[in-house]
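Number of protein chains: 2
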Amino acid sequence: MALIVQKYGGTSVGTVEKIRNVARRVARTRDQGNDVVVVVSAMAGETNRLLGLANQLSEMPNERELDVVASTGEQVTIGLLAIALTDMGYKAKSFTGFQIPVLTDSAFVKARIRKIDGDTIRDALKNGEIAVVAGFQGIDETGAITTLGRGGSDTSAVAVAAALSADVCEIYTDVDGVYTTDPNICEDAKKLDKISFEEMLELASLGAKVLQIRSVEFGMKYGVRIHVRSSFNDNPGTIVTKEEEIMETAVVSGVAYTKNEAKITTVKVPDRPGIAAKIFKPLSDANIVVDVIVQNVSVTGYTDLTFTVGRGDYKKAMMITEGTAREIGAERVVGDDKIAKVSIVGMAMRSHSGVATKVFETLASEGINILGITTSEIKISCLIEEKYTELAVRVLHNAFGLGKPASG
Amino acid sequence: MALIVQKYGGTSVGTVEKIRNVARRVARTRDQGNDVVVVVSAMAGETNRLLGLANQLSEMPNERELDVVASTGEQVTIGLLAIALTDMGYKAKSFTGFQIPVLTDSAFVKARIRKIDGDTIRDALKNGEIAVVAGFQGIDETGAITTLGRGGSDTSAVAVAAALSADVCEIYTDVDGVYTTDPNICEDAKKLDKISFEEMLELASLGAKVLQIRSVEFGMKYGVRIHVRSSFNDNPGTIVTKEEEIMETAVVSGVAYTKNEAKITTVKVPDRPGIAAKIFKPLSDANIVVDVIVQNVSVTGYTDLTFTVGRGDYKKAMMITEGTAREIGAERVVGDDKIAKVSIVGMAMRSHSGVATKVFETLASEGINILGITTSEIKISCLIEEKYTELAVRVLHNAFGLGKPASG
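In the order they appear, the protein sequences are chains A and B. Position 141 of the first sequence, counted from 1, bears residue number 141 in our numbering, the numbering being contiguous throughout. Position 398 of the second sequence, counted from 1, bears residue number 398 in our numbering, the numbering being contiguous throughout.
Next up, chain A with everything else stripped away, as it sits in the complex:
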């Protein structure tokens, strides 16, 4: 008998019939003798509908009130799921953010969880009830309703699992688990049985969008085993867990990529302290998120500074940067809005030399020019021309032996 937290996203509870399916799966887990806590999102489309109403009333809706409106989506789902479960003869009780309570800071629309009191849910479990918990929402110290931002239900689930010291937090989604790369690009992409929190963080932020980043951070901080699996079948998925729990580690766990990037280089920047700040401040003031930043070592008193932004921000970022370049006396600004980023991620990289070399050789052997490089302890990212994305992913996936063994 285990304590299992299960999380179902918006598409898993998108219709009344799907809610009934979730109820059946929850009931089966309960029938196996487990204590079950279910965390759910709003029915698919509902959050957008609610935000749409708000946006019709204001171009910049008051964020405290936006959370009052948006949080109703999850509240509807918990009530409906509890109704489905009680209709099937199970004891079930729903809990909103304020009823648990899930205490957050007061950063409306992007609040962070501070503390979850596990007692209310524990009482329900002791009472033989299935606890059905609203994801995405909490309250701040003043009792105001907050939401955690898009994808926040994953974080809710992992945080609840941490508060209850649950045996596992199962995240049900529309994929089977975490793959070595995008199966749409590499036919032989392989589902990973286990992956470390650290690798998952790098993969998630790079585009393997199966788990919200903050939920992984939470899992890492509190040591919550996360099981990412499909809500359409009973196959085991991918366990995200501590590095120590993973016996056999490949040097590289996966290949990630993001398209739709754009690259901007400020050429011949006078290399003085504070120059980088001068370039990036106007961008962050304009709410433009900068991803990769590459700065050459200066030997001549001048340096080239390259960064990437999302393609949607390209024109605005170019304009801003051209202004900054004139101000600081840089020579010129050049840009390219057809860029992709390909990354390999792996814990064992730390203790293996030659991984970077292998990446560069592999790409070079296919004639793929590298436009920029950044590395972390467990990740190497290369900027390339977008048209080479699929090819780069495939050759890297193959070079590091990530594919399924050839069958037959």
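Worth flagging that the hints you see were computed from the coordinates, not collected in a lab. Here a beta-carbon is modelled for each residue, glycine too, at the ideal position from N, C-alpha and C. Check each hint, because a few of them may be wrong.
To be verified - Below, a list of computed lysine-lysine pairs in the DSSO-like style, where the Cα atoms sit at most 27 Å apart:
hint	chain 1	residue 1	chain 2	residue 2
1	A	K110	B	K91
2	A	K91	B	K110
3	B	K387	B	K190
4	A	K194	A	K268
5	A	K268	A	K316
6	A	K338	A	K358
As the list claims (entries may be wrong) - Calculated from the model, a selection of chain A residues having no Cβ within reach of chain B, i.e. all distances over 10 Å:
hint	residue
7	R25
8	A54
9	Y222
10	K278
11	N296
Given the structure of chain A, go ahead and fit chain B onto it with the hints provided.
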């Protein structure tokens, strides 16, 4: 400067554009220097949509969870209205049932308000904010979400007004106020400037459906002046208040009616103690609401017992009563499913003799046969054949001089 509670129903907030209109009206009241608390219902149709989802999952949805689902309707409206107000530059803050809190008993889907803590709202008002309060909802002692049942937002508004000792509780609706009778039947029906709580209770329960009965009871108990008025114009409506505040009182304030009634008479019932209970117990067990009950005084050891039910319950009630009649040895049961009830209501009736006589004479003069009579201190009701309803209302309205003075 006054403290004004305003309540807007579902049709008044049925669309984003209508919510904006409500915001404008609220803002105007604020601009006049008043403290304003707004109580709102769910957007028209929303409660039915939510209950529909629940009913797809269960024929008898768990009522605790039904309230979790249903209460989101009002929560969406308060958020949207607060967004509209802040967008117009006003300080506004929304409050759910748990945030105030509105403490109720635990009778889910039909909870009763026990206590409203006015401090949270008072703090907001002191802070210069317009308080936007969710009607219809509360929490019980365990923190579970409750709802007050259909029309409960009127009660929420009056209860909030009582808790804050507001100067007036304005109920905005789609009619101009309370009329002496149905203007669709009597062209010269007149809007009442004032009416007592007691009269309003009798009129409301008889079919003048502008105010939820329980809100009137609440207003009477706590002495809250209620102003029923139209959300489509600025005309003064009808003030419902204490009898003492009403200077000129007509003998009769209004004529009410209900159609779609059915009458069942058990003939020659042995007049023994407990017989009435024997007849009515099986009906209440079958959830049939009995309205008027008339029992003749027995002089022979036998009595005739007549009662009315809604027409939809007629067949079932006949069947049940026929069974009971055999059991208790009554002679037979006769029924009529084409019955209406016409009533006159007036505080001054208590001190005026001859009112009943005038009613009977007026109906008789038009050849309308009276099939049953019940009276209270301030009301006389007559059962008549349904086809005479409009005629009866018109002649009574005229006989008691309720119409507008003839113009021109």
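request  = Would you list, in rising numerical order, the hints stated earlier that this structure does not obey?
outcome  = When the structure is compared with the hints, numbers 4, 8 turn out to be violated.
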